[in-house]
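Participant: Listed below are the residues making up each chain.
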Amino acid sequence: MIMVKEYSPVKSAITASQVAGELYRASGIARQLSLAAKNSQAVVHRAGSKVAGLKVISEYFADLAIKTIKLAKEINTISLDISHMAVERWRQNTLVEHLNDSQVKTKNAAVDIIIKDTKQRQLDLNNRFNVEIRSLESQLEEIQQHMQASRVVAVSFRLEATQTDEYQEILEDMAKNIDKFSEKIKQHVLDAKSHINRLLQS
Amino acid sequence: MEAKLLFDDKHQWYVFARDPDKPEKIIDTNQYMVVSGKESIVLDPGGIEIFSSMLSTILKFIPLEQITHLFASHQDPDIISSLGMWDQVIPKAKLYTPSLWEGFIRHFGCENIEFCGIEDGGGELRIGDTVLQFIPAHYLHSSANFHVYDPVAKILFSGDIGAALEPQDSSLFIENFDSHCDKMKFFHQRWMPSNEAKMHWLKRVRKLDIDMMLPQHGRIFRGKEIDQFFDWFEALNVGIALDS
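So the protein sequences, as listed, match chains A and B. Each residue of the first sequence is one higher than the one before, counting from 1 in our numbering. Each residue of the second sequence is one higher than the one before, counting from 1 in our numbering.
Treat the hints with caution; some may be incorrect.
[Unchecked claim] The calculated label-pair distances, taken between Cβ atoms and stated as ranges, are: (1) A:S138 / B:W191: 24 to 32 angstroms; (2) A:S135 / B:E196: 51 to 59 angstroms; (3) B:I26 / A:K107: 33 to 41 angstroms; (4) A:E97 / B:S244: 38 to 46 angstroms.
[Stated by the list, open to error] List time: in silico DMTMM-like cross-link candidates among lysine to aspartate or glutamate, alpha-carbon distance up to 25 angstroms: (5) B:K4 / B:D129; (6) B:K154 / B:E39; (7) B:K22 / A:D124; (8) A:K11 / B:D21; (9) B:K183 / B:E225; (10) A:K176 / A:E160; (11) A:K70 / B:D21; (12) A:K193 / B:E65; (13) B:K60 / A:E74; (14) A:K11 / B:E49; (15) B:K10 / B:E124; (16) B:K22 / A:D81; (17) B:K60 / A:E160; (18) A:K73 / B:E2; (19) A:K70 / A:E59; (20) A:K11 / B:E39; (21) A:K119 / B:E49; (22) B:K60 / A:E141; (23) A:K70 / B:E2; (24) A:K186 / B:E65; (25) A:K184 / B:E49; (26) B:K60 / A:E137; (27) A:K73 / B:E49; (28) B:K60 / A:D191; (29) A:K11 / B:E225; (30) A:K105 / B:E111; (31) B:K22 / A:E74; (32) A:K73 / B:D28; (33) B:K4 / A:E74; (34) B:K60 / A:E132; (35) A:K73 / B:D21; (36) B:K22 / A:E88; (37) B:K60 / A:D124.
In short, the hints are calculated from the structure, not lab data. Note that beta-carbon positions come from the ideal geometry of N, C-alpha and C, so glycine has one too.
When you get a sec, could you build the whole thing from the sequences and use the hints?
Facilitator: Written out as structure tokens, the structure reads:
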């Protein structure tokens, strides 16, 4: 039998909720990013052929914001599922403790069967829990990569913006905002990852 | 779980409700949280079945260490059966609840959280810079029962008073008082045991300056709906099971 590490249900429930909290805040910023991207699209459209190079980049940001909001929503769903599983494990652990106490007081064959079944359920739940926590990690990794890319593209955006005349200031300002939002989202993702790491190392 | 900021000045009131992940057959509940400075209190934190949704929702707004107090208006499972979980998650917190229910509520598990009993006459509690009042509502419906009044926000948390049983997706706020009465009638007639207790409570709360009344089930009352409710409740005969 492959032994899968069992993390404290209390810590697991807290971690999942903390991750959901970080991603809730990140998705709020992603909505601001989306707005900034839409504004830049409008300016680029107004500037016309003079800033043709910026069209693709501003579309990229708009698309990125949508993807981030979607990912944050998915992560929130997974986090909630993990939190539910942690509470369920918590209840099962308590049940097993009480059943063991009962067996110490009066040994009973029927209770032994219940203990065995409960332990199997605990094992199944623990396996599912481990799968979900890995999935959460990879989703967070994906957002982090998006944000790193976003910051690089924001630099190109700013460079391109310097080539324009009348729209230069406004476009540079937008690039700065996009960069700032991407950095903030990345920070929330890093915080979420460190909550998970603390659990995995416990 | 839906979360909404109800009051936001130097301190905040939040409502957490309409949990889509809640098992179908358990009653829908409204949970509230008051945040002031570095402290907060969760009012009627709910049953064990909604614990994980509650924890996740609260942590969207404040960090874990800022959940410093819990309040349970009475002993019912939909109010506080999650206590054993909170006891592990926020072991340094304090629970304010009627003294009379101590021996019963401890059955839910309270090894770490400090149990702070409220005596029958009520009292006050400071959360950060905000002072909340515990308003006696005994026998409505529980024999030892409190509501919470915030004189600055002008908000009354009214527990089971003002409750309505409605579908999961209903609005958080009353839209039409007259049609809402139908959804409250049986609940109050059957769960509230005493007309005398009802009149006692009405005399007490009519003296308060209230902008918003927050029940633990159903919809939130605002403005004139509060006086409309008091008049409606006064005229309602409660304790009807005795006539059956």
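Participant: Evaluate each hint against the coordinates.
Facilitator: The hints, checked one at a time:
| no. | hint | verdict |
| --- | --- | --- |
| 1 | A:S138 / B:W191: 24 to 32 angstroms | 49 angstroms, violated |
| 2 | A:S135 / B:E196: 51 to 59 angstroms | 58 angstroms, holds |
| 3 | B:I26 / A:K107: 33 to 41 angstroms | 36 angstroms, holds |
| 4 | A:E97 / B:S244: 38 to 46 angstroms | 44 angstroms, holds |
| 5 | B:K4 / B:D129 | 22 angstroms, holds |
| 6 | B:K154 / B:E39 | 19 angstroms, holds |
| 7 | B:K22 / A:D124 | 22 angstroms, holds |
| 8 | A:K11 / B:D21 | 21 angstroms, holds |
| 9 | B:K183 / B:E225 | 15 angstroms, holds |
| 10 | A:K176 / A:E160 | 13 angstroms, holds |
| 11 | A:K70 / B:D21 | 19 angstroms, holds |
| 12 | A:K193 / B:E65 | 19 angstroms, holds |
| 13 | B:K60 / A:E74 | 16 angstroms, holds |
| 14 | A:K11 / B:E49 | 18 angstroms, holds |
| 15 | B:K10 / B:E124 | 19 angstroms, holds |
| 16 | B:K22 / A:D81 | 12 angstroms, holds |
| 17 | B:K60 / A:E160 | 38 angstroms, violated |
| 18 | A:K73 / B:E2 | 14 angstroms, holds |
| 19 | A:K70 / A:E59 | 17 angstroms, holds |
| 20 | A:K11 / B:E39 | 22 angstroms, holds |
| 21 | A:K119 / B:E49 | 21 angstroms, holds |
| 22 | B:K60 / A:E141 | 21 angstroms, holds |
| 23 | A:K70 / B:E2 | 18 angstroms, holds |
| 24 | A:K186 / B:E65 | 24 angstroms, holds |
| 25 | A:K184 / B:E49 | 34 angstroms, violated |
| 26 | B:K60 / A:E137 | 19 angstroms, holds |
| 27 | A:K73 / B:E49 | 22 angstroms, holds |
| 28 | B:K60 / A:D191 | 13 angstroms, holds |
| 29 | A:K11 / B:E225 | 44 angstroms, violated |
| 30 | A:K105 / B:E111 | 23 angstroms, holds |
| 31 | B:K22 / A:E74 | 19 angstroms, holds |
| 32 | A:K73 / B:D28 | 24 angstroms, holds |
| 33 | B:K4 / A:E74 | 21 angstroms, holds |
| 34 | B:K60 / A:E132 | 21 angstroms, holds |
| 35 | A:K73 / B:D21 | 15 angstroms, holds |
| 36 | B:K22 / A:E88 | 14 angstroms, holds |
| 37 | B:K60 / A:D124 | 29 angstroms, violated |
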